[in-house]
Each structure stands twice: as C-alpha cells, then as structure tokens.
Amino acid sequence: MNVVLENLLFNGVFLAMAGAAVAALAGIGSAIGIGIAGQAAAGVISEDPKKFGQALVLQALPGTQGIYGLLIAFLIMTKIELLSGNPIDITMAQGAYIFAAAIPIGLVGIFSGIAQGKSSAASIMLISKRPEELAKGMVFPAMVETYAVLALLISFLMLNGVSV
Amino acid sequence: MSIARMKKLSVIGLVSDRDELMEKLMAMGVVEIRDQEAKLDDDQWKEMVTRDEDDNTVSAYDSRIAKVNQALDTIAKYGLGKKPLLHTKKLISLKDFRKALEEESRIEDKIALINSLSARHAEISNAINKAETLKLSIEPWRELELPLEEQGTKTTDLILGILPVDTDVDQFKTALEEKTLSATELVHSDANQHYLYVLCMKDQRNEVDDVFRDFGFSKVQFIDMTGTVKENISTLEKKEEELAEEKGKVEDSIRSHEVDQQELELLYDKLIILRDKAAIRQSLLITNNVFYLDGWLPARAEEKVSSLLTDMGCYFEMEEPAKDEETPVLLLNSSLSMPFEAITKLYALPSSKALDATPFFALSYAVFFGMMLGDAAYGIIMMVVTGLILKKYKLEGMKYQMIKLFFYCGISTTFWGAMFGGWFGDLVTVVAKTFFNADVSIPPIWFDPLQDPMKLLLFCFLLGGIHIFIGMGLNAWLSIKDGRPLDALFDVGFWYLLLIGVTLLVVGVAPGVTKWMAILGAVGILLTAGRNKKGIGKIIGGLGSLYGITGYLSDVLSYSRLLALGLASGVIACVVNTMGSFGGSGIKGVLVMTFAFVVGHTYNFAINGLGSFVHSCRLQYVEFFGKFYESGGEAFQPFGENTKYVNIIREEN
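Line by line, the protein sequences give chains A and B.
First residue of the first sequence? That's 1 in my numbering, and the numbers climb one at a time after it.
First residue of the second sequence? That's 1 in my numbering, and the numbers climb one at a time after it.
Among the hints, erroneous ones may be present.
[Claimed, not checked] SDA-like, lysine to any residue: derived pairs with alpha carbons at most 20 Å apart: (1) B/Lys83 x A/Gly53; (2) B/Lys345 x A/Pro131; (3) B/Lys345 x A/Glu133; (4) B/Lys538 x B/Ala488; (5) A/Lys50 x B/Lys77; (6) B/Lys345 x A/Gln54; (7) B/Lys455 x A/Gly161; (8) B/Lys515 x B/Val502; (9) B/Lys455 x A/Ser163; (10) B/Lys433 x A/Gly85; (11) A/Lys136 x B/Leu346; (12) A/Lys50 x B/Leu86; (13) A/Lys51 x B/Leu346; (14) A/Lys50 x B/Met398; (15) A/Lys129 x B/Leu346; (16) B/Lys399 x A/Glu132; (17) A/Lys136 x B/Lys627; (18) A/Lys136 x B/Met398; (19) A/Lys51 x B/Leu86; (20) A/Lys136 x B/Gly632; (21) B/Lys77 x A/Pro49; (22) A/Lys136 x B/Ala635; (23) A/Lys51 x B/Met398.
[Stated by the list, open to error] Label pairs and their in silico Cβ distance ranges: (24) B/Val440 x A/Asp89: 25 to 33 Å; (25) A/Arg130 x B/Leu553: 28 to 36 Å; (26) B/Leu591 x A/Met125: 38 to 46 Å.
In case anyone wonders, no lab produced these hints; they're calculated from the structure.
We treat Cβ as the ideally placed atom computed from N, Cα and C, and that holds for glycine.
All chains, full assembly: derive it from the sequences and hints.
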C-alpha cells in the first residue's frame with residue numbers, strides 16, 4: 001500500500017501536474033480582488049450609473065493574476081504534453097523542478113490579486129468623485145501588479161530552464 | 001518647445017464697441033480673458049472702475065438653456081432615432097445657422113410643448129404608481145364580500161383589521177365569542193398577517209376593544225372607498241390601463257417631435273453662445289465710457305488679434321510674461337506626436353515654465369504598447385477599426401487624440417506581432433494541424449520569445465535603459481537651459497558615467513576603461529550630491545544619493561513587464577487556439593474552433609489591450625516622468641464658441 005502511494009505521489013508527472021495546479025491557484029487572488037473591486041463599483045454605480053464603463057475597467061485590473069497563473073499552468077501542461085492525453089514520462093526530480101517553478105506565481109498571484117483588488121476599489125472611489133482622473137486611478141493598481149509580473153517572469157524563466 | 005508661448009494682452013476700448021468686439025473675439029477663439037477680481041481689490045483701480053456685469057441676462061439665458069436641455073433629454077429618452085456611436089459636431093455655415101433659427105419663438109413653443117408632454121408623462125407615471133400601491137393594499141381583502149363603506153347597522157359595528165401572523169385566529173375568535181356577542185371571519189392570511197373582520201354589538205364595544213388590545217388587533221379603514229374590494233380592484237385595473245394607454249400616446253407625441261431635434265440643438269448652441277457672451281462681461285472692468293480687459297493669447301495669434309483690435313479702434317498692449325509668471329498652458333505638437341498629448345493630459349499638464357514631455361515619449365509609448373499586446377492580427381484589427389472611425393467621424397479634442405493614439409499603437413502592435421510571429425497566437429499552425437493535418441506556421445521575422453525569453457528580456461532592459469537615459473537627459477537639458485550647467489553634470493552626468501560604466505563592466509566590455517568610468521561617476525556623486533546640505537549632511541547626502549542606484553536597478557527591472565505581458569497575450573492566444581482544436585476536424589470541430597476563436601480572442605484582446613494601455617502609461621508616468629517632468633499648469637481656455645452640437649463655419653473674406 002505504502003509503495004503504491006509513494007509511486008503515486010513521488011512521480012514526476014504528478015508533481016508537474018501539482019505544479020500546474022499551484023500556478024492556477026493565482027486565480028484565487030484575482031477572484032477575491034475582483035470581488036472587492038466589484039463591491040466598490042456597485043456602490044458607485046448606484047449613485048451614478050454613467051460611470052459603469054470606467055468602474056468596469058478598474059474592476060478588471062486585478063484579473064491578470066488569474067491569467068498569469070493560467071499561463072504558467074498551460075505552459076507546464078504543454079511541457080509535459082499533458083494535453084495530448086499522453087504525458088511524457090518525466091523523472092521525479094524534473095517533476096519537482098516544475099513544481100518549484102510554479103510556486104512564485106501561485107503564491108504571489110493570490111496575495112497581489114487581493115492587494116490589487118483593494119487598490120482598485122480605492123481607485124473606483126476616486127473616479128466616483130473625480131471621473132477625469134481615471135488614468136491615475138489605473139496607475140495605482142498597476143503599481144501592485146508589478147510584483148505579479150515579476151513573479152510570472154521568475155516562474156516562466158524557471159520553467160523555461162527545466163528540460164524534459 | 002511644445003508648450004505654446006503666451007503673451008499677455010491688455011485692452012482698453014469704448015463701451016459702445018464692446019459687444020461687437022466680444023462677438024469677434026469669440027468667433028476667433030484665441031484669447032483667454034482673465035477674471036479681474038484682484039484689480040477690484042486694488043485701491044488705485046477701485047476708484048476708477050467697476051465690474052461690468054449682466055447677471056440678469058445670464059440667468060435668463062441659463063433658464064432658457066435648461067428648458068432646451070430638458071426637451072432634448074426627453075426626446076433622447078423616448079425617441080427611437082439611432083444614437084450615433086460617437087458624438088460629433090456637425091458643421092454648419094453661419095448663414096444656415098442664422099436661417100435655421102429665424103423662427104426662434106416657434107422653436108421655443110415646441111420646446112414648451114415637449115416639456116409639458118414630459119411633465120404629463122411624469123404625472124401619469126405617478127398616478128400609475130399610486131393606483132398600483134392602492135391595489136396592493138386592498139388585494140388581501142379581495143374575498144371580503146361586504147362593501148367597504150359599510151360601517152355596521154344601527155346596533156352593530158363592522159370592524160376590519162389585521163392580526164400578527166403568529167397570533168392564533170381561533171383563540172382570538174373564542175376569546176371574543178366568550179366575552180361578547182360577535183362574529184369573526186378570517187378573510188385572508190399571508191406571510192405577515194391575518195386579515196379579518198369582526199361584527200359586534202355597539203354597546204359591547206369596550207369589551208371588544210379589550211380583546212383587540214390583548215391580541216394586538218389593529219383596525220384598518222378604507223376612507224373614501226365605496227363598493228366591494230373586487231369592484232375597487234377592477235376599477236383600479238381599468239384606470240391603470242387607461243393611464244398606460246395615455247402614457248403610450250404621450251410617448252408617441254414626444255416621438256413625433258424627434259424631427260425637431262436638430263432645430264433644438266441649434267437653438268441650444270445659440271443660447272450657449274449668447275450666454276457666454278453675456279457672462280464674459282463680468283471679467284471686464286468699465287468706467288462710464290471705456291472698458292478694460294486683460295488676458296492671454298498664444299504668440300502665434302498675435303498678428304490676427306492685433307489687426308482686429310486696431311480695426312476696432314482699441315488701445316492695447318501685448319507683453320511677454322514676466323520671468324516667474326505662470327501662463328496658461330497650450331500644448332502644440334507635430335501631427336505625429338499630437339495624439340500622445342492625451343497621455344500627458346491624463347497625467348497632468350506641464351507647468352508653463354517646464355517642458356512638455358509629449359514628443360519625447362510618443363515613440364516609446366507606441367513601442368511599449370505594441371510589445372505588450374504583441375500580436376499582428378490584433379494590431380491590424382486595431383488599425384482598421386480606429387482608421388474607419390477616424391474616417392467616418394469628425395472627432396475633436398481628447399476623443400480624436402485617443403482614437404488616433406490607438407491607431408498608432410495598432411501599427412506598433414502589428415510590427416511587433418510580425419517580429420515575434422504572433423498572428424492570433426499560433427492560429428495558422430493549429431488550424432492547419434487540426435483540419436488539414438499539415439505543418440504550416442508563420443515564422444517570426446526576428447525570433448520567437450517563447451524559445452528564447454532571455455534574449456527578449458535583455459532587449460526589454462536595453463529599451464528601458466534608453467528610456468530612462470532620455471528622461472535623465474531631459475532633466476540635464478532643463479538644468480542647462482536654466483543656467484545651472486553644473487547641476488546637469490553633477491545630477492545627471494555622473495550618473496550616466498556610473499550607470500554606463502557598471503553596465504558595461506557587468507557585460508564585460510573593456511573592463512579597464514569601464515571600471516574607471518564607474519569609479520569616477522561614483523566618486524563624483526559621493527562628493528557632489530550633498531552640496532546643498534550643511535556640515536555632515538554633505539557626506540551623508542552623497543552616500544544616500546549613491547544608494548539611489550538601487551532605484552535605477554528597479555526602474556530597469558520594471559521594463560521586464562514588456563516581456564511578461566507580451567508572453568501573457570501570446571500564450572493566452574495559444575490557449576484559446578488549443579481549446580478550439582479540441583473539437584477535432586469535422587463540422588463539430590469547425591463550430592468549436594469558431595466559438596473558441598470569437599469568444600477567446602475577444603476576451604484576450606480586451607483584457608490584454610487594457611493591460612497594455614495601463615502598463616504603457618505606468619512606464620511613462622513612473623519611470624519616465626519621474627526623472628524630469630514638472631506638472632501643475634492650468635489649461636489655456638480661450639473665450640470662444642463652446643458649442644455642443646455644431647461648429648459654425650464663417651466664410652473667410
């Protein structure tokens with residue numbers, strides 16, 4: 001029994017898939033972030049429905065972490081040819097490398113998504129009072145996103161370095 | 001310089017010529033007339049002049065404008081006419097403009113009619129709401145067969161009322177029947193309460209009321225209503241129907257005025273012009289016979305305004321602004337970099353004494369945008385759509401600049417997409433493989449970033465370095481222009497030496513020379529950065545400033561987003577295509593592919609287009625503007641025809 005479990009868990013393909021799963025977790029951050037921004041947006045729209053377009057733009061900003069997570073997850077799946085239904089038989093070490101590569105975007109994605117959501121919500125409040133300052137309102141959440149971008153880059157470069 | 005040079009204008013003229021002059025200045029639209037508040041507080045001026053005011057005329061026009069506006073809103077709300085995607089001003093010659101407004105009173109009659117229709121519409125909506133509320137309030141009593149005006153007989157009282165839902169009706173009934181001679185009937189129960197009526201003897205009212213109190217029974221009265229509830233409901237329904245019908249008729253007759261919309265718009269613009277002309281008078285100072293005004297005009301309009309003022313027989317002066325005086329800011333750029341003014345304005349206008357950043361970042365903005373979106377097909381779509389809009393609509397101001405900006409960004413996106421081989425991601429390859437089982441691909445002109453990301457990363461850092469160096473260079477140039485060449489050397493020159501030296505040293509180019517470059521730069525910064533501080537601050541200032549090298553490092557690293565966002569849009573496009581290929585090669589496959597293509601690429605284009613826009617802005621605002629840009633100017637607001645719907649063209653003569 002133990003051996004079976006060991007074979008399953010310490011298996012290259014499984015670890016790589018777990019990596020893809022971790023990367024996709026970045027979507028948690030985006031979901032929470034967009035949720036926070038959405039609450040602020042709905043409040044603003046109740047006062048002035050004309051601001052819908054602007055508020056929607058700001059609400060969309062924390063959505064990128066999920067995309068970055070998807071990107072890394074997809075690249076992992078392509079790398080081990082999972083989508084063909086016939087994954088390459090990679091070693092446990094390779095699987096572990098891939099798993100490690102997925103951690104930056106998975107982890108940073110969650111927290112930066114939430115932080116960016118809060119910043120987006122604040123920017124939505126900003127445009128409720130000064131709609132002409134939309135550009136500045138977009139820059140503040142973009143400052144947060146920098147770190148998701150850096151994590152994406154690290155995940156990508158790490159993954160790129162693993163040869164299978 | 002791309003901030004227009006301004007001149008200060010002061011004019012004295014005869015009051016009798018005032019209105020004509022104002023009309024001509026307005027048509028010209030190049031002079032900003034300043035408010036004279038300060039002069040009115042000045043003792044010397046105060047003795048001679050008073051503010052020229054015409055508040056009554058202004059408020060009369062304002063109330064007429066409000067009426068036209070209301071009528072236009074009403075038409076827009078109920079009209080069926082197609083609203084254009086983008087609001088543009090129509091062109092109209094002065095002759096046509098005047099002719100269209102000859103029968104002003106007839107148009108105002110129409111406006112009054114439209115507004116009364118709109119008021120009637122509001123009344124009807126109100127009445128419908130009222131009827132609906134009333135209907136809802138009697139609805140639970142529907143089963144009550146007695147007429148509502150029935151109060152009882154000579155010796156009995158009929159009482160309608162409600163009990164809270166948690167009260168037991170049977171208990172209530174028994175309690176009443178035990179103590180009094182009465183009949184209780186439950187009419188209806190809903191989630192909140194029981195509706196019932198009680199018939200009791202008049203002389204036992206006190207006992208009955210006691211029971212009512214014990215059970216929390218509250219009486220309900222329908223004042224001014226006669227007949228049974230059913231009759232009342234059907235009357236109300238009939239009334240509602242009639243009202244709805246009338247509402248429809250009112251909407252129809254509002255719609256019948258849709259044809260007048262253009263006349264109304266013309267009148268609106270005319271009133272705005274007249275209002276502004278009356279309102280500007282409060283910025284004028286007058287004595288009995290002459291008026292005084294001052295303001296700003298761009299130096300390039302000097303001749304035109306001079307000849308007008310000479311013709312009008314005014315006394316005037318045009319002076320250069322004093323050295324430290326803030327002037328209004330008007331950006332003037334070549335037609336190529338002009339659209340990027342929008343990005344500058346979204347940040348904040350430059351101070352009048354500073355530098356307009358627009359021409360210096362225009363190219364890099366388009367390049368960054370293109371690299372981040374990085375798909376030739378998306379770029380072509382952008383170019384076609386914005387190109388068509390530019391061709392079809394005559395846009396002005398910010399809208400024009402934004403659309404044109406996206407047109408240029410589209411060109412750049414197409415270029416970089418072709419360089420990196422992105423045409424809807426790898427659509428061609430996937431389609432060829434799925435449906436024709438062939439290996440076709442569009443090779444990138446330069447290289448595929450997915451194959452060699454490090455190469456592109458370094459290229460991004462290189463672009464970033466150049467971008468930052470341009471910003472620093474502008475800072476140095478401003479210092480030199482300001483007569484502080486040493487500041488330029490200390491604050492920028494040494495940094496150039498240090499940064500170039502360190503970079504080349506890391507790369508490994510000519511280590512002998514570059515090492516000394518770096519050391520010279522570092523020592524220079526160490527010695528000079530604290531020069532404006534006192535005592536020990538001189539040394540600490542130098543050290544602190546040298547530590548700022550980490551800032552430059554993070555600035556350059558920030559440009560890695562060019563690669564990351566470029567990858568994001570490229571890979572998501574591939575994800576979309578891969579999902580599209582899951583349907584296989586048959587008819588089903590084509591459907592799946594089409595669906596994935598339309599939905600997926602639309603989404604990818606929207607979200608990454610937004611990302612590219614935002615992050616291009618960020619790179620300009622944070623990394624570039626931070627190096628030299630000084631904001632805080634007030635926009636130049638010339639006194640002109642601030643129309644909303646039409647532009648009046650005057651034949652030049």
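Kindly indicate which numbered hints from before are broken by the structure, ordering the numbers from low to high. none
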